[in-house]
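**Q** If you read the sequences in order, they're chains E and V. Here the first sequence stands for residues 92 to 348, numbered as in the working numbering. Here the second sequence stands for residues 92 to 348, numbered as in the working numbering.
Quick caveat, the hints were computed from the structure, so don't treat them as lab data.
Pairs count within a copy or across copies, as identical chains cannot be separated in the list.
Once the Cα atoms are required to be at most 30 Å apart in a straight line, the calculated DSSO-like pairs of lysine-lysine come out as: (1) Lys241 x Lys150; (2) Lys176 x Lys304; (3) Lys95 x Lys155; (4) Lys289 x Lys150.
2 protein chains.
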Amino acid sequence: MSKKPLILVTNDDGITAPGIRTLIEVMTTIGDVVVVAPDSPQSGMGHAITINSTLHVEKVIIDKGLQEEYSCSGTPADCVKLGVKQLLDRRPDLCVSGINHGSNSSINVIYSGTMSAAIEAGVEGIPAIGFSLCDYNWSANFDACKTYIKSIAKNVLDHGLDSGTVLNVNFPNLDKNDIKGIKICRQAKANWEEEFDKRTNPQGRDYYWLTGKFVNLDHGEDTDEWALANGYVSVVPIQFDLTAHQSIQQLNTWRFD
Amino acid sequence: MSKKPLILVTNDDGITAPGIRTLIEVMTTIGDVVVVAPDSPQSGMGHAITINSTLHVEKVIIDKGLQEEYSCSGTPADCVKLGVKQLLDRRPDLCVSGINHGSNSSINVIYSGTMSAAIEAGVEGIPAIGFSLCDYNWSANFDACKTYIKSIAKNVLDHGLDSGTVLNVNFPNLDKNDIKGIKICRQAKANWEEEFDKRTNPQGRDYYWLTGKFVNLDHGEDTDEWALANGYVSVVPIQFDLTAHQSIQQLNTWRFD
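Full structure from sequences and hints, please.
**A** Okay, structure coming up:
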């Protein structure tokens, strides 16, 4: 039996996306790799799961790598559940998701299918990391990410992660030589200033496209946005206990008549 | 001009669900109400947003209440964005989501469309509350929730909420006289033990249904699960800064060679 770690790989851009192909390539250098990823892009799916329809899974061969691969009709979170509970013959030592085509820094984490897969693995007690590159192009160049991904993944395999946490890793859109290193960060306070582009279809019915501009409201130098803007890879430990513990005392002073 | 608070109401079970009709009824007793809710059930959608397809909105009349109502083709988070950025003529004083048909306590919060709507409002800086009843039936009885909802909503209007937080409120499935009151809680540590029910379709292709059993791993008496199991309404303040601050120091000891 292999002594290599078992690594589950998934993403939200779909199993054929260049980002996941790069991630698979790196992971096969450090472990036995099983890929369970969506058969089509799932961006903006948040932490969706498929409870009212069926899931289809097919074993596929996409390149000549050493990995085993399954294409799944579900969301990124579905892929992790299916991988862990149904397809893998033992518990994975690590789950990695991405590399996402586009940023999942700061508030983007809550909309992110990439991170929902990592969180789902974390809920199952599996050390997990989501990787994203700040470049939305399908033809983005992921080369500069490779050595960082390998180093971060090996650290997680060696040290583990605190219970209830996973890592959100974002790469600046820079050449390898221009990346200054890795910064451990907190999530910046930011939001999207949305605008809805209202149009009328040929049948006279109104419809909207969601558009928006990202606004960083947080100028702390310990944030992921600062790190990315200053040429660093950002690593944010995130948790899925959402309790705002600091608010409990105040709420206990309210009177509910 | 009205001096009543402006309240945005949404949900994830769809605009005609009995749960949101009850919530609207209560909200019209304390403010001016605008409803922007999905035109069909969105359960399990997590924090999904619609970025790659169009959104349709229709003004609708569903009952004889005083509220203004819009039915939307999008997710709960889309409904909040559309309401705040496009449909409302001023900023709402409160956003309420629900009453969900089914629990959103403990780890369920991360899969919850109901809570994603409340979180979306929170990201916009609008005080927000998600309400859920621990009864998945469409014909669930929401009567016992009404006075608690009114009291909690009025407290939030009076006191506001800490920046970056929203409330996750769950009701036990009990008669009014059997509910003991309100407990401010933390999110219990729990997960789902999923099983996939594998079947074969008439064409010979395998498919899966996701099934699962909820497992509470946390026996703390300060948790939402404890409150609900002991006859209390659970109120958990939750935050969308997911940073696991307590892990940062440890991660800073790692060597990234």
